[in-house]
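Protein chains: 2
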Amino acid sequence: MSISLLADIGGTNTRFVLANNNCDVLFDSYEAFRNTSAESPELLIKRYMKRQGIDSCDHVVLALAAPVNEEEVVLTNHNWRFTVKSISAASMSNDVLFINDLEALGYGLSELGAEQLQHLAGPRSLDKKGPRIVIGAGTGFNAAIVTQLENGEHFVKAMEAGHMTLTVETQDEFELWQYLAKGRGRASVERAISGRGIEQTYQWFCQRNSTPVVHMNARDISIAASNQSDLMAEKTMQTIANIFARTIGDLVLAFLPTGGIFLSGSVTRAMMPWLRRASFFDAFVAKGRQYDLMHQFPLYILNDDQAALHGCKIAAKQHSLRLRGM
Amino acid sequence: MSISLLADIGGTNTRFVLANNNCDVLFDSYEAFRNTSAESPELLIKRYMKRQGIDSCDHVVLALAAPVNEEEVVLTNHNWRFTVKSISAASMSNDVLFINDLEALGYGLSELGAEQLQHLAGPRSLDKKGPRIVIGAGTGFNAAIVTQLENGEHFVKAMEAGHMTLTVETQDEFELWQYLAKGRGRASVERAISGRGIEQTYQWFCQRNSTPVVHMNARDISIAASNQSDLMAEKTMQTIANIFARTIGDLVLAFLPTGGIFLSGSVTRAMMPWLRRASFFDAFVAKGRQYDLMHQFPLYILNDDQAALHGCKIAAKQHSLRLRGM
Chain A
1 MSISLLADIG
11 GTNTRFVLAN
21 NNCDVLFDSY
31 EAFRNTSAES
41 PELLIKRYMK
51 RQGIDSCDHV
61 VLALAAPVNE
71 EEVVLTNHNW
81 RFTVKSISAA
91 SMSNDVLFIN
101 DLEALGYGLS
111 ELGAEQLQHL
121 AGPRSLDKKG
131 PRIVIGAGTG
141 FNAAIVTQLE
151 NGEHFVKAME
161 AGHMTLTVET
171 QDEFELWQYL
181 AKGRGRASVE
191 RAISGRGIEQ
201 TYQWFCQRNS
211 TPVVHMNARD
221 ISIAASNQSD
231 LMAEKTMQTI
241 ANIFARTIGD
251 LVLAFLPTGG
261 IFLSGSVTRA
271 MMPWLRRASF
281 FDAFVAKGRQ
291 YDLMHQFPLY
301 ILNDDQAALH
311 GCKIAAKQHS
321 LRLRGM
Chain B
1 MSISLLADIG
11 GTNTRFVLAN
21 NNCDVLFDSY
31 EAFRNTSAES
41 PELLIKRYMK
51 RQGIDSCDHV
61 VLALAAPVNE
71 EEVVLTNHNW
81 RFTVKSISAA
91 SMSNDVLFIN
101 DLEALGYGLS
111 ELGAEQLQHL
121 AGPRSLDKKG
131 PRIVIGAGTG
141 FNAAIVTQLE
151 NGEHFVKAME
161 AGHMTLTVET
171 QDEFELWQYL
181 AKGRGRASVE
191 RAISGRGIEQ
201 TYQWFCQRNS
211 TPVVHMNARD
221 ISIAASNQSD
231 LMAEKTMQTI
241 ANIFARTIGD
251 LVLAFLPTGG
261 IFLSGSVTRA
271 MMPWLRRASF
281 FDAFVAKGRQ
291 YDLMHQFPLY
301 ILNDDQAALH
311 GCKIAAKQHS
321 LRLRGM
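Line by line, the protein sequences are chains A and B.
If you're matching positions, the first sequence starts at 1 in the numbering used here and goes up one per residue.
If you're matching positions, the second sequence starts at 1 in the numbering used here and goes up one per residue.
These are computed hints drawn from the structure, not numbers from a lab.
Because identical chains share one entry, a pair is satisfied inside a single copy or across any pair of copies.
Computed list of lysine-lysine pairs in PhoX-like fashion (alpha-carbon distance at most 20 Å, straight line):
hint, residue 1, residue 2
1, K157, K129
2, K128, K157
3, K157, K317
4, K46, K85
Here the structure is a predicted model, which means the values were calculated and not measured.
Chain A extracted, bound-state conformation:
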């Protein structure tokens, strides 16, 4: 039996699972580790393989929170560097594939069941052949586009949407934009829609209202806003939710994803109470003459820690079919 090792290496945790030659995930093989528990991903892979009682793998697919087009991968939020060669040596595999984590989520979409998806707004029926976008808002911001080809395969491509220009629509937002742009000359989307963006926006609200900064991280700010225990935190979450809605709307006009918009990431989860408000959908559809068009796109929340692993499996399958010329 051939064995595939699938891993999702995030900024904080690494998740593993094994799959057989039919690309069925092996029951009970799922394990998650803190990245800080190992000195390198190579050592973490060896540890996992030992625990699973395997010496080598036929295929390895790693979903990475990093650009994967360079020879050496430098993880975006953890001090790990590695190459296809070093992972190949650690896993005793000749077939190692790196994919971007948002691309993995994109591949995983087709296998998600109703319990892993939460309908947020727009039509409930998905145009299964229509293009989809998966948006990740967490440490950073990005989007991947998923197109279904005529042979049923999915073509998935991550963009650099987090680096697009941050938009503003009010004088207050423009002042926030200037604060976020300080020392850089510009503010990109992920300067606002990210964990760090929430923290900086909160600091900006505290500063202009001469209020002490009580909360230091995005998680505490979102909790204080939910509890209504800190007005500056509430203003922060409302402002970021509004910018998030507008930004998603702009990406919808760029990609026309009739197959749906799938929101993921820790910032998406922290913003859930705000995403459910009518004001969020109002800001999303506020595209002038395209107001009606904007109602045609289903918005979903992607609730699954293992979605990227499912995506690795599908990417591995497509990759190996392609290698075999099928």
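Following the hints, position chain B against chain A.
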């Protein structure tokens, strides 16, 4: 011999050409008419067919400056309304295909020779398999994405990029944004990057500088700016060119078009002297950490009145192969 009638129906002119069953354009069949010379597109088609000595066509492909997903097409800038049925009756053809004019340009890209493309900036070599975007800036603003499939066919899709939020980076630009947003609550990309956008931006510069409005239309404004005969016109063209560069840059981050960016339309042509300045490319690549990435995309000007007709031909070919199940 089977005959295809190809037409590009713009807001002002309609261009025709015939093609044979191999989709080769018939020499000498090209003709262009002012839309005002006929009461309806049906009558114009009949007139053209009569002049060419044909009674019926096997295929008809129309490239339209209008959304084509509705049953009835309403031309964006000319008072013509028509349907597949009415065009079918006029042309005596059972196979009528409507495509968006930017999609037609997208299909046409693959057939353009060096003389129809003018290199503007970025690498000169095109990644022929990479995705391309064609951007039209004229009466309105839009973009289409062109992806080459594994079978060599092109998949082309027009977006609604003109309705995305107009970005700003300075207090002056935000004040212009507010002027353009007046009565609407928001300003979209095409409120600035269009003929009307040039006119309104010029009026805004005149108003804030207490200078009389000398020029009424975009063409005159661009000529006065080129001549350096009107400082407000110069400021206008420089501002719009800067916004154009930034907007193209944002679309590049959304689509990563390694196959190239192709600029077309009357506003693109009017802005040529500004597009050639170093400040244009500087604004295009000013994407923070993505500065190096931004140098990897070739920028071209598309110089061909007949490019959309070439695109109709290719669309017709793909369409008929698909109908025949090939």
